[in-house]
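Protein sequence lines, in the order shown, are assigned to chains C and L.
In terms of the working numbering, the numbers along the first sequence are unbroken and rise by one, the last being 346.
In terms of the working numbering, the numbers along the second sequence are unbroken and rise by one, the last being 351.
There may be inaccurate statements among the hints.
As the list claims (entries may be wrong) - Some chain L residues judged to face chain C by a derived CB distance under 7 Å, without partners named: (1) 102; (2) 104; (3) 112; (4) 114; (5) 134; (6) 135.
What the hints assert, rightly or not - Derived, one-sided and incomplete: chain L residues facing chain C with beta-carbon distance under 8 Å: (7) 119; (8) 120; (9) 121; (10) 124; (11) 128; (12) 133; (13) 137; (14) 138; (15) 140; (16) 142; (17) 144; (18) 148; (19) 165; (20) 170; (21) 173; (22) 183.
Bear in mind the hints are in silico, worked out from the structure with no lab data behind them.
We treat Cβ as the ideally placed atom computed from N, Cα and C, and that holds for glycine.
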Amino acid sequence: MAQEQAILDRPGTLGVPRSLSDRPVLVRALVHIGRFFRYKPLGGVGVVIIGLCVFAAIFAEAVDRYDPEDIFKATNPAYDPELAEKALVDPTIRLQYPPEKFEKSDLPIRFGGPSSAHWLGTDGLGRDLYSRIVHGSRTALYVGLGAALIATISGTIVGLASAYFGGFADFFIQRIVDTLQAFPPLVLLLLFGQVVANPTLTVNTIALGILGTASSARVVRSAVLAVREEVYVLAARTIGASDLRIMVRHIFPNITAPIIVTFTSSIGIYILVEATLAFLGLGDPTRVSWGKMVEEGRRNGPSNPWMAFIVGMALTFVVLGFNLAGDALRDVLDPRLRGRGGRAGF
Amino acid sequence: MTLTESASPPANSTNREPILSVRHLVKHFPVRGRGLIRRVVGQVHAVCDVSFDLYPGETLGLVGESGCGKTTTSRVILNLQPPTSGEVRYQGQVISSLSQREMRRLRRDIQIVFQDPYASLDPRMPVNEIIAEPLRIHGMYDSKSGPRQVAELMRTVGLNPEHGNRYPHEFSGGQRQRIGVARALALRPRVLVLDEPVSALDVSIQAGVLNLLQDLQEQFALAYLFVAHDLSVVRHVSNRIAVMYLGRLVEVAETEALFAAPSHPYTQALISAIPIPDPRKERARQRIMLSGDVPSPVDPPSGCRFRTRCPLFATLTDAEQRRCIDEVPALVDRGQGHPVACHYARPVQVL
Numbered sequence: 001m002a003q004e005q006a007i008l009d010r011p012g013t014l015g016v017p018r019s020l021s022d023r024p025v026l027v028r029a030l031v032h033i034g035r036f037f038r039y040k041p042l043g044g045v046g047v048v049i050i051g052l053c054v055f056a057a058i059f060a061e062a063v064d065r066y067d068p069e070d071i072f073k074a075t076n077p078a079y080d081p082e083l084a085e086k087a088l089v090d091p092t093i094r095l096q097y098p099p100e101k102f103e104k105s106d107l108p109i110r111f112g113g114p115s116s117a118h119w120l121g122t123d124g125l126g127r128d129l130y131s132r133i134v135h136g137s138r139t140a141l142y143v144g145l146g147a148a149l150i151a152t153i154s155g156t157i158v159g160l161a162s163a164y165f166g167g168f169a170d171f172f173i174q175r176i177v178d179t180l181q182a183f184p185p186l187v188l189l190l191l192f193g194q195v196v197a198n199p200t201l202t203v204n205t206i207a208l209g210i211l212g213t214a215s216s217a218r219v220v221r222s223a224v225l226a227v228r229e230e231v232y233v234l235a236a237r238t239i240g241a242s243d244l245r246i247m248v249r250h251i252f253p254n255i256t257a258p259i260i261v262t263f264t265s266s267i268g269i270y271i272l273v274e275a276t277l278a279f280l281g282l283g284d285p286t287r288v289s290w291g292k293m294v295e296e297g298r299r300n301g302p303s304n305p306w307m308a309f310i311v312g313m314a315l316t317f318v319v320l321g322f323n324l325a326g327d328a329l330r331d332v333l334d335p336r337l338r339g340r341g342g343r344a345g346f
Numbered sequence: 001m002t003l004t005e006s007a008s009p010p011a012n013s014t015n016r017e018p019i020l021s022v023r024h025l026v027k028h029f030p031v032r033g034r035g036l037i038r039r040v041v042g043q044v045h046a047v048c049d050v051s052f053d054l055y056p057g058e059t060l061g062l063v064g065e066s067g068c069g070k071t072t073t074s075r076v077i078l079n080l081q082p083p084t085s086g087e088v089r090y091q092g093q094v095i096s097s098l099s100q101r102e103m104r105r106l107r108r109d110i111q112i113v114f115q116d117p118y119a120s121l122d123p124r125m126p127v128n129e130i131i132a133e134p135l136r137i138h139g140m141y142d143s144k145s146g147p148r149q150v151a152e153l154m155r156t157v158g159l160n161p162e163h164g165n166r167y168p169h170e171f172s173g174g175q176r177q178r179i180g181v182a183r184a185l186a187l188r189p190r191v192l193v194l195d196e197p198v199s200a201l202d203v204s205i206q207a208g209v210l211n212l213l214q215d216l217q218e219q220f221a222l223a224y225l226f227v228a229h230d231l232s233v234v235r236h237v238s239n240r241i242a243v244m245y246l247g248r249l250v251e252v253a254e255t256e257a258l259f260a261a262p263s264h265p266y267t268q269a270l271i272s273a274i275p276i277p278d279p280r281k282e283r284a285r286q287r288i289m290l291s292g293d294v295p296s297p298v299d300p301p302s303g304c305r306f307r308t309r310c311p312l313f314a315t316l317t318d319a320e321q322r323r324c325i326d327e328v329p330a331l332v333d334r335g336q337g338h339p340v341a342c343h344y345a346r347p348v349q350v351l
């Protein structure tokens with residue numbers, strides 16, 4: 001009490017207790033991150049998963065155990081040297097036994113199970129599955145982050161301008177968005193794949209980003225519609241601020257919460273769609289992709305689901321990580337969008 | 001209605017030029033129907049034929065109950081909304097006809113303090129930036145002198161410049177209103193529109209902000225248009241008072257004259273509603289109670305807009321009432337010493 005009074009009594013001061021805003025930016029950031037992990041443990045799990053995935057993608061060459069394209073072979077356990085010797089004399093013996101008994105050379109370890117040499121086993125060509133999953137995270141993140149970035153940036157610009165200026169421009173842009181959203185996205189992407197004969201990873205990323213612009217623009221537009229009626233926007237106009245300044249300095253900072261939330265939550269979706277495209281054979285054939293690996297595992301037959309299972313798990317975990325982090329961020333940053341059970345702020 | 005009468009300057013400044021003059025200002029808002037076409041089905045008569053002058057260094061109080069057009073008037077003066085007809089002149093220039101560039105220059109001279117200090121400050125901007133923004137926009141901020149100017153402004157309005165990095169939510173209502181005042185003062189305006197600057201604040205805080213505003217007026221020779229619904233606050237700060245009812249001015253007078261001899265029945269009712277801080281007098285005095293609600297501004301009454309609730313109207317003969325119904329009373333001096341918009345105006349001592 002006495003201390004508070006002392007602050008109030010300080011000359012020239014209207015007493016405000018010591019505030020976090022007076023601390024350096026780095027301290028503020030660390031305090032906020034600490035609070036996030038403490039109050040949103042599930043979101044923290046998501047962040048850790050994302051962190052692992054990002055680490056694996058960046059340092060794939062250090063994290064992997066083999067080159068993802070190396071084919072591993074093993075000596076043929078069925079090889080029978082005696083029979084092979086006899087067959088040299090009498091070739092008709094070959095007809096009485098399975099062919100592998102006569103094959104001396106090493107064979108690729110096709111769909112090998114987990115072992116100390118191959119932690120997660122091998123794929124259909126005998127390549128190390130663990131190393132391929134590690135390298136696949138690079139593809140997944142490239143597409144996920146890239147498409148989300150493209151969609152968010154262009155969606156923000158389109159949605160902001162559309163809602164701020166309103167009128168006919170808004171009506172026109174919204175009808176384009178409607179049209180874009182009316183198509184099943186996969187159909188559009190298939191069409192895109194047909195047009196571009198040789199789909200590279202970048203082409204797919206851009207296509208996904210353009211498709212995602214529509215939904216990002218929707219989110220941004222509704223946020224802007226609320227903010228642009230605020231008195232502080234009017235206040236900015238009375239001091240002579242231009243439209244551009246109002247949009248950039250006043251409206252944009254006040255809609256960052258929904259933008260960050262949609263950005264984070266959409267990454268998982270883009271990773272899934274990329275996997276789907278690769279599964280359907282529309283991915284970049286030169287890249288290691290989880291979707292393609294799941295498909296390969298599936299072809300191995302229902303009796304041996306190991307490969308499809310383990311790659312699917314990797315995909316699930318990463319998407320789950322982005323979704324958990326996105327949900328937690330939404331609870332913290334944007335309580336209005338939150339469903340039941342969450343808490344506003346921290 | 002003649003202009004000179006409706007805009008009578010304060011007695012001691014008859015030869016001064018008004019800094020801001022409002023002439024026959026009309027603002028209607030369209031009411032649109034439901035459905036696809038959204039046809040205009042009516043007009044909200046927010047402001048109707050309002051004329052007044054504001055002189056340098058004076059405070060003109062604009063009072064009236066909620067929804068009578070006070071805020072709309074102030075928004076039109078700031079050219080935030082175009083008038084339906086009529087004009088606002090600042091030092092002779094008609095502001096609604098200015099180009100964007102000219103308007104931006106004029107913004108330096110006319111500034112506003114908003115009613116709600118919780119809504120009028122950008123929550124994502126530190127206070128330093130909020131106060132610096134007008135300077136930046138008008139190219140008056142450079143990295144050397146800028147921070148000093150901002151600190152000086154904060155000190156002027158009674159804030160600690162050390163708190164400049166904080167965000168608006170870290171301040172109390174009164175402090176936020178001081179931030180709003182500092183922002184408005186940054187450009188050294190000559191006219192400050194105060195749109196109910198203290199009605200969102202606790203009474204104990206109101207006094208502090210009002211005193212600050214009065215000090216600043218002396219220091220910077222500001223002209224205030226003080227919009228409010230609290231008559232006792234307006235009486236405290238204003239040199240002259242304009243009373244508004246349903247979009248029209250009903251009485252304009254110097255503060256003492258208005259309180260000594262209110263001549264419009266509406267003004268009389270307003271003044272009689274001010275509580276007296278003496279229980280014995282408070283119990284003894286007679287209040288003029290108005291019946292009914294404010295009529296809809298979409299379809300205002302003909303003639304005198306106050307007649308539907310006027311205590312005087314009820315005492316008039318049929319022939320006299322006809323005049324109230326058919327003829328809009330002009331805002332002219334009918335022998336009361338100041339303009340009143342009532343056919344049968346007579347001063348009554350209420351207090």
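Outcome of the hint check:
| no. | hint | in the structure |
| --- | --- | --- |
| 1 | 102 | 11 Å, violated |
| 2 | 104 | 4 Å, holds |
| 3 | 112 | 5 Å, holds |
| 4 | 114 | 6 Å, holds |
| 5 | 134 | 4 Å, holds |
| 6 | 135 | 9 Å, violated |
| 7 | 119 | 4 Å, holds |
| 8 | 120 | 4 Å, holds |
| 9 | 121 | 6 Å, holds |
| 10 | 124 | 4 Å, holds |
| 11 | 128 | 10 Å, violated |
| 12 | 133 | 6 Å, holds |
| 13 | 137 | 5 Å, holds |
| 14 | 138 | 6 Å, holds |
| 15 | 140 | 11 Å, violated |
| 16 | 142 | 18 Å, violated |
| 17 | 144 | 22 Å, violated |
| 18 | 148 | 16 Å, violated |
| 19 | 165 | 5 Å, holds |
| 20 | 170 | 5 Å, holds |
| 21 | 173 | 12 Å, violated |
| 22 | 183 | 7 Å, holds |
In terms of the numbered hints stated before, the structure departs from hints 1, 6, 11, 15, 16, 17, 18, 21, listed from lowest to highest.
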